[in-house]
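K.L.:
This is what each chain is made of:
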Amino acid sequence: IAGITQAPTSQILAAGRRMTLRCTQDMRHNAMYWYRQDLGLGLRLIHYSNTAGTTGKGEVPDGYSVSRANTDDFPLTLASAVPSQTSVYFCASSVRIEGYNEQFFGPGTRLTVL
Amino acid sequence: LAKTTQPISMDSYEGQEVNITCSHNNIATNDYITWYQQFPSQGPRFIIQGYKTKVTNEVASLFIPADRKSSTLSLPRVSLSDTAVYYCLVGVHQGGKLIFGQGTELSVKP
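Sequences listed follow chains V and S, in order. Counting along the first sequence from 1, when you hit position 58 you're at 58 in this note's numbering, and nothing is skipped either side. Just remember that this note's numbering sits 1000 ahead of the position in the second sequence, which is counted from 1.
If you are wondering where the hints come from, they were derived from the structure by calculation, not from laboratory data. Mixed in with the good hints there might be a few duds.
[Unchecked claim] Part of the chain V face toward chain S, derived, beta carbon under 10 Å:
| id | residue |
| --- | --- |
| 1 | G42 |
| 2 | L43 |
| 3 | N101 |
| 4 | Q103 |
| 5 | R110 |
[Said to hold, decoys possible] Okay, the calculated beta carbon distance ranges per label pair:
| id | chain 1 | residue 1 | chain 2 | residue 2 | range |
| --- | --- | --- | --- | --- | --- |
| 6 | S | R1077 | V | D62 | 29 to 35 Å |
| 7 | V | S67 | S | M1010 | 36 to 42 Å |
| 8 | S | K1054 | V | N30 | 25 to 31 Å |
| 9 | V | R22 | S | Y1013 | 21 to 27 Å |
| 10 | S | S1041 | V | D62 | 22 to 28 Å |
| 11 | V | T51 | S | Q1042 | 24 to 30 Å |
All residues carry an ideal CB built from backbone N, CA and C; glycine is no exception.
Excised from the complex, chain V in its bound form:
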């Protein structure tokens, strides 16, 4: 069972370039999330999707877009990368288990924008 996979593992990107971070889950979870983690700031929610075909804005959505064409995939796109988007990006999905909800996180993508 793979759980949640993210690609690439790491990437160095020139400012102004377009970049798509991939996230795939094989657990058939309805809800998926994208977070960024910066030193000293914890994790901040970028975008989320409660179910295939719907998306919503999180805490820091500017400069990012997402799509949810199916249950398994939730790509995050940086249309024109800027250095302030240098961060570690985590994808997550959630499921309700016996009365509570649990988020499962991917291994992360380390992105550096120069």
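Please build the complex by placing chain S on the supplied structure of chain V, with the hints as guidance.
P.N.:
Just chain S now, kept in the frame of chain V:
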């Protein structure tokens, strides 16, 4: 959105019980309280979730007072491998906007 406040860091020794308290004064009626653990270079991992009173599982206990304006994660007899960052979250899952906050960096010493 309910904001959480936790201590930035805590130190402990192996074998001790560790209690990490989180304040969430503006928690909403439908909000649950959830704790996650994160090791360096890994994504967070779910520890425990509760709504009120006390919840216990194989790794931790969660104490929530009647007013629900705070919660305490209790880790019994910590080991070196419990060194990690612990996050308190308040919100409704399957509804989007969960706020992680800065977390508490727990350091367990031998």
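K.L.:
Does each hint hold? Answer for all of them.
P.N.:
Here is what the structure says about each hint:
Interface hint status for V:G42: upheld, as the beta-carbon distance to the closest one in chain S is roughly 4 Å, under 10 Å. Against a cut-off of 10 Å between C-beta atoms, the interface hint on V:L43 holds, since the closest Cβ of chain S lies about 4 Å away. Checking V:N101 against chain S: minimum C-beta separation of about 3 Å stays under 10 Å; hint holds. Restraint check, V:Q103 versus chain S: the minimum CB separation of about 6 Å is within 10 Å; hint holds.
Here the hint on V:R110 is kept, as its CB sits about 9 Å from the closest CB of chain S, short of 10 Å. For S:R1077 and V:D62, the Cβ-Cβ distance of about 45 Å falls outside the hinted range of 29 to 35 Å, so the restraint is violated. As the Cβ distance of V:S67 to S:M1010 is approximately 41 Å, the hint placing it in 36 to 42 Å holds. For S:K1054 and V:N30, the hinted distance range of 25 to 31 Å is satisfied, since their beta carbons lie about 29 Å from each other.
Judged by the Cβ atoms, the range 21 to 27 Å given for V:R22 and S:Y1013 is violated: they are separated by roughly 42 Å. The given range of 22 to 28 Å is respected by S:S1041 and V:D62, whose C-beta atoms sit roughly 27 Å from each other. Checked against the given bound of 24 to 30 Å, the beta carbons of V:T51 and S:Q1042, roughly 27 Å apart, stay inside it.
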